[in-house]
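Each protein sequence line maps, in turn, to chains A and D. Read in order, the letters of the first sequence correspond to residues 151 to 490 in this note's numbering. Read in order, the letters of the second sequence correspond to residues 151 to 490 in this note's numbering.
A couple of the hints might just be wrong.
Put simply, identical chains are the same to the list, so a pair is met inside one copy or across any two.
Straight-line alpha carbon distances no greater than 27 angstroms define the calculated DSS-like cross-link-like pairs of lysine-lysine that follow [unchecked claim]:
1) K195 <-> K398
2) K296 <-> K359
3) K177 <-> K262
4) K195 <-> K296
5) K197 <-> K318
6) K323 <-> K268
7) K401 <-> K421
8) K485 <-> K398
9) K318 <-> K268
10) K464 <-> K483
11) K195 <-> K321
12) K318 <-> K195
13) K195 <-> K328
14) K267 <-> K398
15) K267 <-> K401
16) K268 <-> K321
17) K323 <-> K197
18) K432 <-> K442
19) K401 <-> K195
20) K255 <-> K197
21) K197 <-> K401
22) K328 <-> K197
23) K296 <-> K355
24) K268 <-> K255
Think of the hints as simulated: they come from the structure by calculation, not from any bench. Being a predicted model, the structure only gives us computed values, none of them experimental.
Protein chains: 2
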Amino acid sequence: MYFLLLHQKMEKNYQGIEKEINERRNKIKSYLNNLLNEISFYSEKLKEAGEWYFKNGGKLLRPLLYLFGCDEVGENYQNDRHLKNAAALEMIHVSTLVHDDIIDKSSLRRGKSTVHKKFGHDMGILCGDVLFSYAVSITRPQNTMKELCRLYNTICDGQALEMQLSEKILKEKVDPQKIYDEYLNMISLKTAEFFGVALSLSAKKSKKKKLLYYIGKEIGKAFQMADDIHDILYTHQKWREDFASDLKENKPTILYVLAKKEGIDILEIYKERKRNHRNHVKAARDVYRLLKEKKIIDNAIDNMESFLLKAEEKIDNLENQTIKMFLAYLNKKIKDSVKM
Amino acid sequence: MYFLLLHQKMEKNYQGIEKEINERRNKIKSYLNNLLNEISFYSEKLKEAGEWYFKNGGKLLRPLLYLFGCDEVGENYQNDRHLKNAAALEMIHVSTLVHDDIIDKSSLRRGKSTVHKKFGHDMGILCGDVLFSYAVSITRPQNTMKELCRLYNTICDGQALEMQLSEKILKEKVDPQKIYDEYLNMISLKTAEFFGVALSLSAKKSKKKKLLYYIGKEIGKAFQMADDIHDILYTHQKWREDFASDLKENKPTILYVLAKKEGIDILEIYKERKRNHRNHVKAARDVYRLLKEKKIIDNAIDNMESFLLKAEEKIDNLENQTIKMFLAYLNKKIKDSVKM
Chain A
151 MYFLLLHQKM
161 EKNYQGIEKE
171 INERRNKIKS
181 YLNNLLNEIS
191 FYSEKLKEAG
201 EWYFKNGGKL
211 LRPLLYLFGC
221 DEVGENYQND
231 RHLKNAAALE
241 MIHVSTLVHD
251 DIIDKSSLRR
261 GKSTVHKKFG
271 HDMGILCGDV
281 LFSYAVSITR
291 PQNTMKELCR
301 LYNTICDGQA
311 LEMQLSEKIL
321 KEKVDPQKIY
331 DEYLNMISLK
341 TAEFFGVALS
351 LSAKKSKKKK
361 LLYYIGKEIG
371 KAFQMADDIH
381 DILYTHQKWR
391 EDFASDLKEN
401 KPTILYVLAK
411 KEGIDILEIY
421 KERKRNHRNH
431 VKAARDVYRL
441 LKEKKIIDNA
451 IDNMESFLLK
461 AEEKIDNLEN
471 QTIKMFLAYL
481 NKKIKDSVKM
Chain D
151 MYFLLLHQKM
161 EKNYQGIEKE
171 INERRNKIKS
181 YLNNLLNEIS
191 FYSEKLKEAG
201 EWYFKNGGKL
211 LRPLLYLFGC
221 DEVGENYQND
231 RHLKNAAALE
241 MIHVSTLVHD
251 DIIDKSSLRR
261 GKSTVHKKFG
271 HDMGILCGDV
281 LFSYAVSITR
291 PQNTMKELCR
301 LYNTICDGQA
311 LEMQLSEKIL
321 KEKVDPQKIY
331 DEYLNMISLK
341 TAEFFGVALS
351 LSAKKSKKKK
361 LLYYIGKEIG
371 KAFQMADDIH
381 DILYTHQKWR
391 EDFASDLKEN
401 KPTILYVLAK
411 KEGIDILEIY
421 KERKRNHRNH
431 VKAARDVYRL
441 LKEKKIIDNA
451 IDNMESFLLK
461 AEEKIDNLEN
471 QTIKMFLAYL
481 NKKIKDSVKM
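With the rest of the complex left out, here is chain A:
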């Protein structure tokens, strides 16, 4: 009975935070739209390319992390500066997506053509460039600009590591524990760094900034792992044209890394099955079944949850109830995303 009541209370609380998230998300959306309308280029095509991914939705997670971070440091998120910084974070995220899609040779994102598929390879490069430089140009104060530049550097470093790790696992026999460490380092530099910076960006140098950064970083690692797992959850993916894209693109994921520890190379198996089936979906489905049978998906979920737990321990140290609710809700959503 007690648990039922607690559960009902939680659901009710989540309704409150869901409303708050939607409100803020809508504010970011309209702010982004205004910004995109204001940007002017001589090249109409460059302008169109820059707007492309913003038309296709997106969760706006990074701007949300920033705006809820404001609550903890006593800043009013509705302040123009904060909405601008939040919008800039999304632009920077999109900039990395555009360049990553070129690197990964991806044709689809959110069910539509990637920028370079639609506007051409060269326009894709320029599009990523202008989104980043425009984003930084509108942020303030100076320290925020610096942090965002450093973030971009770190993400690119992580992307370079990912490319090298992809190559390495193809060519060499590498110690599985070492691959796990390299994988963790790589996601720490990419998604996790972005989450850490977004959540702590509004804070001035202080213990609190470090705390927010730590929490964001751990959630970011979990988020990336959930993303890795989600990519291959066939039952979720029937409607997705980019099902199991990580296998197709030869990417080191938490599933690859943990399977490797069990002596299973899922990229090898995928390739072999693809040769047999001559069909990506069938081959990927075989890999999915194997991962399920060997309990590697469960193992990956446990791994992911351990990072959420690390974050949760520190979330208790935050003072503001709104950010606490937001982060609890976010963690729940991350867990739910990989429920089979």
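Add chain D to chain A, keeping to what the hints say.
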């Protein structure tokens, strides 16, 4: 006799400014080296790629424009902030070169492999990204960061226009005067904008900033035209493996534009000759001879000099003798570069 004396006096003056330029160039070089040593990446390959073009020399023109701009606004160029900003300008320039080389599919720069040829296409994209974001992160004050972000935006816009112009002249019949205007707009956004920003960056908002920007911009246009002309001056180019690369890469240049006004399409002629000769150098040499015969090179040089003249008229309004000498010397060098 008077002219001879004047000439001797000029030469002597140039010796002074040459010494000054070399001194400053060496300062930038060692500053750049220190910065490059300090940058750390987990990916060693990314670090190597980032350093690559700096090992192959370079005129360091943009940093020099910045440092001599300091003289006019009473700033000591040896101040750490100024050397840092100057170095950042070169990094931004190199960032654009790395991405442009990918777009142009160039294999060689300054006689060596381009970044993407040496380190791979994907590393090339990341390398351009980190050079720009690192460069901005080290500059100050905030307004300088903003100006550099806007500059990058403008250069990318110009690059997008160049790509579109290249496509257009291949496909459509376009009015030659319109092509000339579009060419001028395109170089105004690329090289000319860079020169204008570099020369005026140390100045705070003022009439002087505008004046420096104007002068830089006109010199930048002339510089780009000289670069276009220089590309095909066969006698200068015997040693260059990338002789007449603009023809190879289908680029709209001042020579293309002016020839078009005379009813000659040098890109068409180049292609036809290349089919006949099956040899790039021979085909390009034919185009060179035609351009010479039809006085289009002379015409292009006149055009280029008209922009230098516009700059020179305004240089008289500057107060500081060092920058005046530097700009006079630079203009002379630009003129000399296309002497046949």
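Exercise. Classify it for me, K268 with K321: is the Cα-Cα distance of at most 27 angstroms met within a copy, between copies, both or neither?
Key: Between copies, since 20 angstroms is at most 27 angstroms while 33 angstroms is not.
Quiz item: Between the shortest in-copy and the shortest cross-copy C-alpha distance, which are at most 27 angstroms for K401 and K421: within, between, both, or neither?
Solution: For K401 and K421, only the intra-copy Cα distance (13 angstroms) is at most 27 angstroms; the inter-copy one is 42 angstroms.
Exercise. Pop the pair K296 and K359 into one bin, within, between, both or neither, using alpha-carbon distances up to 27 angstroms.
Key: both (15 angstroms within a copy, 25 angstroms between copies)
Self-check item: Copy assignment of K296 with K355, given that the CA separation must stay at most 27 angstroms
Solution: both (13 angstroms within a copy, 22 angstroms between copies)
Quiz item: Which holds for K195 with K328 at a C-alpha limit of 27 angstroms: within a copy, between copies, both or neither?
Solution: For K195 and K328, only the inter-copy Cα distance (19 angstroms) is at most 27 angstroms; the intra-copy one is 44 angstroms.
Quiz item: Quick one: K267 to K401, C-alpha cut-off 27 angstroms, is that within a copy, between copies, both, or neither?
Solution: Cα proximity of K267 and K401: in one copy and across copies (21 angstroms, 23 angstroms).
Quiz item: How would you classify K255 and K197 at a CA-CA limit of 27 angstroms: within, between, both, or neither?
Solution: For K255 and K197, both the intra-copy (22 angstroms) and inter-copy (24 angstroms) Cα distances are at most 27 angstroms.
Exercise. State whether the alpha carbon distance between K197 and K318 is at most 27 angstroms within one copy, between copies, both, or neither.
Key: between (38 angstroms within a copy, 18 angstroms between copies)
Practice problem: Could you place K195 and K321 in one of the four classes (within, between, both, neither) given a Cα distance threshold of 27 angstroms? | Solution: Answer is between; shortest inter-copy Cα gap is 17 angstroms, intra-copy 40 angstroms.
Exercise. Have a look at K267 and K398 and pick one of within, between, both or neither, based on CA distance no larger than 27 angstroms.
Key: both (17 angstroms within a copy, 25 angstroms between copies)
Quiz prompt | Identical-chain pair category, K401 with K195, by Cα at 27 angstroms | solution = Only across copies: K401 and K195 sit 19 angstroms apart there, 31 angstroms inside one copy, limit 27 angstroms.
Quiz prompt | Identical-chain pair category, K323 with K197, by Cα at 27 angstroms | solution = between (46 angstroms within a copy, 25 angstroms between copies)
In summary, the structure agrees with every hint in the numbered list given earlier.
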